[in-house]
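A.B. asks: One line per chain: the protein sequences are A and Y, in this order. Each residue of the first sequence is one higher than the one before, starting from 1 at the first, in our numbering. Each residue of the second sequence is one higher than the one before, starting from 1001 at the first, in our numbering.
Any given hint could be a false lead.
[To be verified] List of simulated lysine to aspartate or glutamate pairs, DMTMM-like, C-alpha gap at most 20 Å: (1) Y:1033 with Y:1046; (2) A:43 with Y:1058; (3) A:83 with A:34; (4) A:60 with A:75; (5) Y:1083 with Y:1116; (6) A:60 with A:82; (7) Y:1109 with A:18; (8) A:60 with A:78; (9) A:48 with A:82; (10) Y:1109 with A:75; (11) Y:1109 with A:50; (12) A:43 with Y:1147; (13) Y:1083 with Y:1147; (14) A:48 with A:18; (15) A:7 with A:50.
[As the list claims (entries may be wrong)] Derived list of chain Y stretches under chain A, where covered just means 3 residues or more per stretch with a C-beta under 8 Å from a C-beta of chain A: (16) 1098–1107; (17) 1175–1185.
Quick caveat, the hints were computed from the structure, so don't treat them as lab data. In this text, a Cβ means the ideal position worked out from N, Cα and C, and glycines have one as well.
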Amino acid sequence: MDQFAVKVFVRLRPSVLDPAGEATKSASIKLGAEGIKSLRIGKMIEVKIEGNGENEVREKIDLLCDRLFANTVIEDYEYSLEKL
Amino acid sequence: MDNFIVGVIVFPGSNCDRDVSWALEGCLDIRTKYLWHESSDLSDVDAIVLPGGFSYGDYLRCGAIARFSPLINALDEFVKSGKRVLGICNGFQILTESGFLPGALTANKNLNFICDDVELDIVSSKGGWFNDGGEKQTIKLPIAHGEGRYHCDSDTLKKLVDNELIALRYKNNPNGSSFDIAGITNEKGNVLGLMPHPERACDETIGGTDGLFTLKSLILK
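Required output: the full structure, derived from the provided sequences and hints.
C.D. replies: If you want it as structure tokens, here you go:
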């Protein structure tokens, strides 16, 4: 069995308003940061997972992302995978 | 309605289960039974309410974890059989997360937790959940949510409009919901999800009775 470290990024789809991102952008400008054109907030999920090779692990992570980690009505996801 | 029993689902973090039961039993003389989320036996109940609250602490997304409970798995057959299911607030979020209703509910546009009475237009009384007087009608119900902004893509919205699946629209949109949507039904009409709380509007002493009709309609066949 191989072990992998997976980092999943879940983001609101570009067409979905992100009010928390807007509020944070507003605070960033108040802090004095210049040049911020856009600020959106997502989630990062770290998973350590075992499997027989990368393909099998990708299948498991795809299922998790599609059915649980992200709501694909409003969110997109992507992930990176590193063999430990 | 002596033998009719409404099941009220209780998740860890539900907090409107007792309100729903009180409104049904105390105001409408309809029997209720609490159903713990780990049960999958729905044979005793004739209709189901998914109450408001914060199931599983709203972890990940509102309603996302509740979707995997044994009871929600068993709900599929129940819905297919035509029995009635009402999802209120967190219950509506669970119904969208689990695919019984289209779209999703996300953070209010102004990021506030909004606790207020709102005026609602009855757009469709599909399924008989709202009083159909022929004319478009307005009711007043309380809302209490931080993540009640209904979102769907344009194709889904067209389908909702074309099939008369939009039950309620806010008169003054409080949370940024697409098309002012406050509640929708499935195509068959036996599943209703809404953000407002009808169970909190069942007695004049607490501010109104506009929620009675919807709760009473749980006993429709």
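A.B. asks: So, against the hints stated earlier in the document, which numbers end up violated here?
C.D. replies: 3, 5, 11, 13, 14 and 17
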